[in-house]
Structure formats: structure tokens, C-alpha cells
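Given the structure of chain A, go ahead and fit chain B onto it with the hints provided.
Protein chains: 2
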Amino acid sequence: MLGQLEEDPSLLLFITTVTTMLSRPAFLAFEVALIVVAVVKLRSSAHKNKKKMEAQAKVFKRVPVADLPKLQDDTILQAMYGKPTKRIPVWMMRQAGRYLPEFRALRVEHEFFKVCRTPELACRLTLQPLERFGPELLSACIIFSDILVVPQAMGMQVDMVPGKGPVFAQRLERPSDAPSRLVMKPDVEKTLGYVVDALNLTRQELKGRVPLIGFSGAPFTLMAYMIEGGGSKTLSRAKRFLYEEPEASHALLQAITDVIVEYLVNQVTLGGAQALQVFESNAGDLSPRLWSDFSLPYLAQIAKRVKQRLGESQRVPLIVFSRGSNWEGTLESLCETDYDTIGLDWTIDPAVARQRVGGKKSLQGNLDTATLYAPSEKIRQEVFEMLSKFGSKQGLIANLGHGMEPEMKPENAKAFLEAVRDFSGVSLL
Amino acid sequence: MLGQLEEDPSLLLFITTVTTMLSRPAFLAFEVALIVVAVVKLRSSAHKNKKKMEAQAKVFKRVPVADLPKLQDDTILQAMYGKPTKRIPVWMMRQAGRYLPEFRALRVEHEFFKVCRTPELACRLTLQPLERFGPELLSACIIFSDILVVPQAMGMQVDMVPGKGPVFAQRLERPSDAPSRLVMKPDVEKTLGYVVDALNLTRQELKGRVPLIGFSGAPFTLMAYMIEGGGSKTLSRAKRFLYEEPEASHALLQAITDVIVEYLVNQVTLGGAQALQVFESNAGDLSPRLWSDFSLPYLAQIAKRVKQRLGESQRVPLIVFSRGSNWEGTLESLCETDYDTIGLDWTIDPAVARQRVGGKKSLQGNLDTATLYAPSEKIRQEVFEMLSKFGSKQGLIANLGHGMEPEMKPENAKAFLEAVRDFSGVSLL
Numbered sequence: 218m219l220g221q222l223e224e225d226p227s228l229l230l231f232i233t234t235v236t237t238m239l240s241r242p243a244f245l246a247f248e249v250a251l252i253v254v255a256v257v258k259l260r261s262s263a264h265k266n267k268k269k270m271e272a273q274a275k276v277f278k279r280v281p282v283a284d285l286p287k288l289q290d291d292t293i294l295q296a297m298y299g300k301p302t303k304r305i306p307v308w309m310m311r312q313a314g315r316y317l318p319e320f321r322a323l324r325v326e327h328e329f330f331k332v333c334r335t336p337e338l339a340c341r342l343t344l345q346p347l348e349r350f351g352p353e354l355l356s357a358c359i360i361f362s363d364i365l366v367v368p369q370a371m372g373m374q375v376d377m378v379p380g381k382g383p384v385f386a387q388r389l390e391r392p393s394d395a396p397s398r399l400v401m402k403p404d405v406e407k408t409l410g411y412v413v414d415a416l417n418l419t420r421q422e423l424k425g426r427v428p429l430i431g432f433s434g435a436p437f438t439l440m441a442y443m444i445e446g447g448g449s450k451t452l453s454r455a456k457r458f459l460y461e462e463p464e465a466s467h468a469l470l471q472a473i474t475d476v477i478v479e480y481l482v483n484q485v486t487l488g489g490a491q492a493l494q495v496f497e498s499n500a501g502d503l504s505p506r507l508w509s510d511f512s513l514p515y516l517a518q519i520a521k522r523v524k525q526r527l528g529e530s531q532r533v534p535l536i537v538f539s540r541g542s543n544w545e546g547t548l549e550s551l552c553e554t555d556y557d558t559i560g561l562d563w564t565i566d567p568a569v570a571r572q573r574v575g576g577k578k579s580l581q582g583n584l585d586t587a588t589l590y591a592p593s594e595k596i597r598q599e600v601f602e603m604l605s606k607f608g609s610k611q612g613l614i615a616n617l618g619h620g621m622e623p624e625m626k627p628e629n630a631k632a633f634l635e636a637v638r639d640f641s642g643v644s645l646l
Numbered sequence: 218m219l220g221q222l223e224e225d226p227s228l229l230l231f232i233t234t235v236t237t238m239l240s241r242p243a244f245l246a247f248e249v250a251l252i253v254v255a256v257v258k259l260r261s262s263a264h265k266n267k268k269k270m271e272a273q274a275k276v277f278k279r280v281p282v283a284d285l286p287k288l289q290d291d292t293i294l295q296a297m298y299g300k301p302t303k304r305i306p307v308w309m310m311r312q313a314g315r316y317l318p319e320f321r322a323l324r325v326e327h328e329f330f331k332v333c334r335t336p337e338l339a340c341r342l343t344l345q346p347l348e349r350f351g352p353e354l355l356s357a358c359i360i361f362s363d364i365l366v367v368p369q370a371m372g373m374q375v376d377m378v379p380g381k382g383p384v385f386a387q388r389l390e391r392p393s394d395a396p397s398r399l400v401m402k403p404d405v406e407k408t409l410g411y412v413v414d415a416l417n418l419t420r421q422e423l424k425g426r427v428p429l430i431g432f433s434g435a436p437f438t439l440m441a442y443m444i445e446g447g448g449s450k451t452l453s454r455a456k457r458f459l460y461e462e463p464e465a466s467h468a469l470l471q472a473i474t475d476v477i478v479e480y481l482v483n484q485v486t487l488g489g490a491q492a493l494q495v496f497e498s499n500a501g502d503l504s505p506r507l508w509s510d511f512s513l514p515y516l517a518q519i520a521k522r523v524k525q526r527l528g529e530s531q532r533v534p535l536i537v538f539s540r541g542s543n544w545e546g547t548l549e550s551l552c553e554t555d556y557d558t559i560g561l562d563w564t565i566d567p568a569v570a571r572q573r574v575g576g577k578k579s580l581q582g583n584l585d586t587a588t589l590y591a592p593s594e595k596i597r598q599e600v601f602e603m604l605s606k607f608g609s610k611q612g613l614i615a616n617l618g619h620g621m622e623p624e625m626k627p628e629n630a631k632a633f634l635e636a637v638r639d640f641s642g643v644s645l646l
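Here the protein sequences come in this chain order: A and B. For what it's worth, this note's numbering labels the leading residue of the first sequence as 218, then goes sequentially. For what it's worth, this note's numbering labels the leading residue of the second sequence as 218, then goes sequentially.
Where hints are given, some of them may not hold.
Identical copies carry no separate label here, and so any pair may be met within one copy or between two of them.
As the list claims (entries may be wrong) - Under the rule of at most 25 Å between Cα atoms (straight-line distance), these lysine to aspartate or glutamate pairs were calculated in the DMTMM-like manner: (1) LYS595 x ASP510; (2) LYS595 x GLU628; (3) LYS606 x GLU353; (4) LYS595 x GLU479; (5) LYS626 x ASP394; (6) LYS450 x ASP363; (7) LYS626 x ASP376; (8) LYS577 x GLU464; (9) LYS381 x GLU445; (10) LYS595 x ASP394; (11) LYS626 x GLU464; (12) LYS595 x ASP566; (13) LYS631 x GLU462; (14) LYS450 x ASP376; (15) LYS278 x GLU479; (16) LYS402 x GLU422; (17) LYS521 x ASP363; (18) LYS626 x GLU390.
The set of hints was computed from the structure by calculation and includes no laboratory data. Please read all numbers here as calculations on a predicted model, not as lab measurements.
Just chain A, same shape as in the assembly:
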């Protein structure tokens, strides 16, 4: 019990508080003693944790990217570039997630963002799906992290509240407040170096089995979180300011873009990321007009600048996932950007997407994630149908239409991966 209290002194404080609420004068002296013990424990525990973290930080040394283990199988990267491959590569958005019992076991001991900030922990979670499914079934790992590390780097406090999602301690009231409230030009290595560390460590541990994907949220999605102060059903506050303060919104989006470019470049040149995905998760709340004005230009800019900065020698495939924006003209606009692959959500028929995109970009997606609640035979049938609809196997990366959900069964994820593997051996009509 005392050991547990040491691990979690808030428990002791909680017990004390409850006891106090139920207090009768007779017990007062005892309670005061308890509170003193709790405070002392809390302070000593915080001190120990800090020491431990510092020790970890000191131990970790990045390996130069050129010296990291070489990739044994680059199928998925070739597919992202649109080159012919022998099989259809596959990964799953949020594949390192709560649906895995081994994930829950590790996460329960550590606060969400502490995991992101601790390379050893992020690395272990990143590898879990590969260890479970094997490189025969799973073609890539994606680093365990969160899109909201960028707002944190810009000076905002974000906490992950269980059962509620991310909550900002203080939201950005309006875009025009950004210059006074945010760190508009943060030191990216200093504030986000821990993600680069996690990538670098994971590359070492992966030993070249499969490629490692890095990622970032896209500017509008991050701005929306900053303004809403957390998740939102309609983004009405965030959208409001696109109309009320268009110039200040653009200035904020540009500042976020600058951070993202630096962050993504570091992920590759220092972390060893072998592909990058940019998540515009909130695109679907925009109108086609707003998307063209406030999302697309920054998405395009990121790809262009990252590609320029990396040059040919350090080039990696770039994927854009603009969720909920499959409007006429959107995919076509993305075809004009420097991304190699377009990630598709579940709301577009793969045949339609292929027809609209042609051979201009590879496509990644897009099984309705809820399909994984179905019996495995049904999953298999839906995967076969989806892959058939994509037509050509060239320039195709199988994936879900959005992230895995905590209630899903790992067996059903496996059924999805197996179906992709088996379909790879089937000739198309």
C-alpha cells in the first residue's frame, strides 16, 4: 500500500480529502498529520521522477541517420512514390492504440503526453503493432505521438483528459491574440526534439524491418484546436475567426506552417523518419471556399518547402490526409501539390478517387474503420471489394479511412491485414 502511495501520491491526498470532508473534531490531529505526510510524499515523488527523467534524457544519444539500420523492405515507400510493387503494402491509422491490451497496460502507468515526451515509452508503443502482427502483415510503423505537440511547442498547455480528449488550459481567444500569447517562432529542436529522439530510437530498435513514418498536424487543424481549446463538433469558434479576422488567421497559419516545416525536416534529417504524413483532420468542417483559402495553401507550402529542404539525397515520400473534404475539385487540387500520396477517408468510393486522381498521385486508404466491428468474414469481403475498386495495385497503400478505436478487437485488425495480404495474391478483374 505504501509503495502504491509512493507511485501515486494523489491517491493519498484523495483519501485525506475525503476523510477531512467527513471530519469530526476528534480526528483533527490525525488528519493534519495525514495531510503533512501526503505533501511530503508528493514532493519527494516529484523530485524522484524529475531525477529519473533527467537521467533518461542524459542517457539517450541520437545515432546519425546515415548510421541507422538499413531498410530490408521498402515496398511501402515504393508504393507511395507510385512505383510498381509485388504486393499491396498496408498500415492502419492509430495502429499503436488502446485497442491493444499491451498498449493499455503500458499507458495506464504513464500520463499521455509524458509518453510522447519519453522516447523509450513512445518507441515501445510504436513497435507494439509490428511485434504483434509481424512485418509479413504490417508494412510500416508510425511514431507514437500527437498532433498537439506543436501547439505545446508554441507555448500552449494541453492535457489529455481521460474520457474527454485533449483540453487546453487556456484557449486562444482569437487569432489576433496569437502574437502576444504564443511563441510564434519557437526553437523547434528544443521544444520538439523529444519526438526526433523517439524516431531515432525507434529506427534503431526497428532494425530495418519496416519503414518508420513521422507526422504532423496541418496548420488549420492545429489552429482550430487552439481556438476551440480542445475537440469540437462543429468548429464554430475556429471558423468564425476565419471570417472575422482573416488576416490574423493567415498570420497564425503561416507561423504554424513555419514550425511544421522545421519539425518535419528534423524528423527526417535527425530522427530518421522514412515517410511523413500531414493530418488535416478538421478539413471537413470547412466549406470548399474556406478550404481553398485557409487549408490548401499551407498544405501545399509544407510539401514544397520540406521537399526543397530535404533535397534529392534525403527525400522521403510525403502523404497528405485531408479528412472530410472529398469535394469536387479538392482531390484535383491536391494533385497539383508536391505530396506523393493522397490519404483518403472512408467517405469516397475508391473507384471515384482513382478516376479523379488518375495516375498523378498514389492513394492510401480507405476502409470504413467501423468495418472492424464486423465478423472477420465480412471484413475480408469488404477489404476485397475496396481493393478491387481501387483498380490498379500500383500506387496503392491499404489503410483505414480514419483511426482505430479503443473498443476494436486486435483479431479484427489482423483480419484486415490478412485480407490485404491475401488480396495481393489475387489477380484483378
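This is chain B only, laid out in the frame that chain A set:
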């Protein structure tokens, strides 16, 4: 103070509870007395309220629809049928809403669903936008009510929690529980007659100035609320059961459909509704496949059966609003149903919608609601652009792409309405 306690006995109970929590034995007798007083007050207040409601219910008499005031201007109905009109009619989704100070003033005194259940209150709220903007600017009223009155009629308890939205006291765990937990065939007149009363009273008070629109949520949207137990960002529980229990889901959707058909028919034949809109607000979370399987068939069935039941003599235009499902093939499928008008959300370019729908159905929509946060000159410009893109003024009802939001300014709603009026006088290119 005592008067206030009588109005709101929960205040007294709250004070009592707090006092109890801080109790010392000495005050015990006093507290017991307080609790007794609170309970007595509560019971007497509940009794009085009930008497008052019953008195109201007794006073109200429906007027036979044939005897209700005749319509002075049916422009919007003609437009819904696709007939040529002299101007572009317009209304706004959630036009009777919190953005109006007169709405907030009345709502603050009454619990949300109490307003829905009290014809006099629902009528007053329904008329507010017309009284503010006048029939020169606003072409229709929509009855103040909520889509969740149908789950209530089927035996579920739903409360509107301020700042949170609707919350079900106990959600439906899975569709297969429905037959044992829900009233699958409720007496529609008995459980939803109050909406019919509200429509009837509003028709009387409208005195034929503009048409009155009735509405219902669509089956999948209502089922999703039942299963999620309130609003949801992803509908992952609801979608899960479409895959896990497809047969039970269909059975539940059919039961809801049967209630809706009866409910909508009553709105017209007994309430005097002059148009009907069906809201599939949650369509956008479905995949195209799920929408075709679990949404479209029930939407189509409702239009067909309502039209058959009403016959030619009582015919009213039917509008379908399937939000977030502008996928290739969706609008085309809705063209094959018996709806007269397709309501569009803000995520489709009007020109694209016209091209896909052709002259088969009238279109209603679709300004990005957030535009109303912009200065009035910008609103005007966006409205003109939207209406130009619709091309023909025939078969066109101007509206927003989704509901008004509480933070919007009434002046900006007026700027929207004025822009539509002024554009009506402009010839198209």
C-alpha cells in the same frame, strides 16, 4: 425569496444538501426540519405545475386544418415544387434560436423540452424571427421543436443539458435491445400530439403571412442518438452496430420510420404544416455504402408513404436534408426519391449541385453558416456569389448550410436575408 423557492424548489433542496454536508450534530434537528419543508414545497409545486399544464391543455382546441387562415403568399412552396417564382424565397435553419435576444429571454424561464411540449411557448418562439424580420425578408417559419421528441415518444428519457446538449438518461445499449427497452409502436397522437398542437396554434397566429414548415429527424440520425446516448463526434458506437447487428439495426430503423411517417402525416392533416423537412443530420459519418444501406432506404420510404397518405388533396412539399453526404451518387440517389426539394449543406459548390441534380429536384441552401460572422458587406458578397452559382432562380430556396449559432448577431442574419432579397432583383449572367 420564498416566492423564488416556490418557483424553483431545487434551490431549496440544494441549500439543504450543502448545509447537511457541513453538518455538526447540533444543527441536526434544524436540518431535518429544512428537508421536510423542501419536500413539502417540491410536492406542492409539482402539483401546481401539473394543474397549470392541464389547464392549458384543456384550454387549447385544434382548429380543423380546412378552417385555418389561408396563405397569402405561397412563393416558397412553389419554389419547393420547382415552379417559377418572382423572387427567391428564403429561410434559415434554426432561425428561431439563441442568437435572438427575445428567444433567450423566453427560454431562460423554461426548460427546453417543456417549451417543446407547451404549444403557446413553442408558437411564440416559432414566430419570433418573422416578427423581427417580417414576411418581406423571411419566407417561412419552421415550428420550434426538436428531433429528439421521437426517441422520447418511443419511451426514452432525454434531457437538454445547458452547455452540453441532449443527454439520454439511459442510452440504448444495442439495437437488439430495442424491442425490450423501447415502445416500438407508440400512440403517435398521444405522445407527439403536443407538436401537432403547436403547429395548429402557430398556423392560427401566423394568419397566413408565410407558410409553416414541420419536420422530423430521419431514422438513422435518431437511432444514432439513441445508441450514443447524446451527441457524438464520430458515432463510433452507432456505426459499430450497423456492422455488428445489421438485422436488429434494420428492425429498429423500420420501427422509427413507422413512427416518423405517422408523425409527419399528423403534422399536416391535424397540425396544418404546409411543408415538411426530414433531417438526416448524421449522414456524414457514414460511408457511402452504409448510407445506401441504412439511410437512403428509410428516407425514401418516408417520402413515399407520407405522399401516399396525404394524397393530392393534402399534398405538401417534402424536403430532405442529408448532411455531410455529398458523395458521388448521393444526390443522384435522392433524385430518385419522392422528395420535392434537396437541402444542401455548406460543403458542396452550388454549381456542382445544380449540375448533378439538373431540373429533377429543387435545391435549398447552402451558405456556410459561419459566413454570418463576417461583416455585412462580406456576407452580401458571399450570398450573391452563392446564388449566382445556383444558376437558375427556378427551384431554388435560399438557406444556410446548417443551423444558426448562438453567438451570431441578428443584424447579420438580416444582412443575409436582405442580400437574398436584393439578388432576387438582379438578372443572372
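Which numbered conditions among the earlier hints are violated in the structure presented, ordered from lowest to highest?
-> Checked against the structure, the hints that fail are numbers 4, 7, 8 and 16, while the rest are satisfied.
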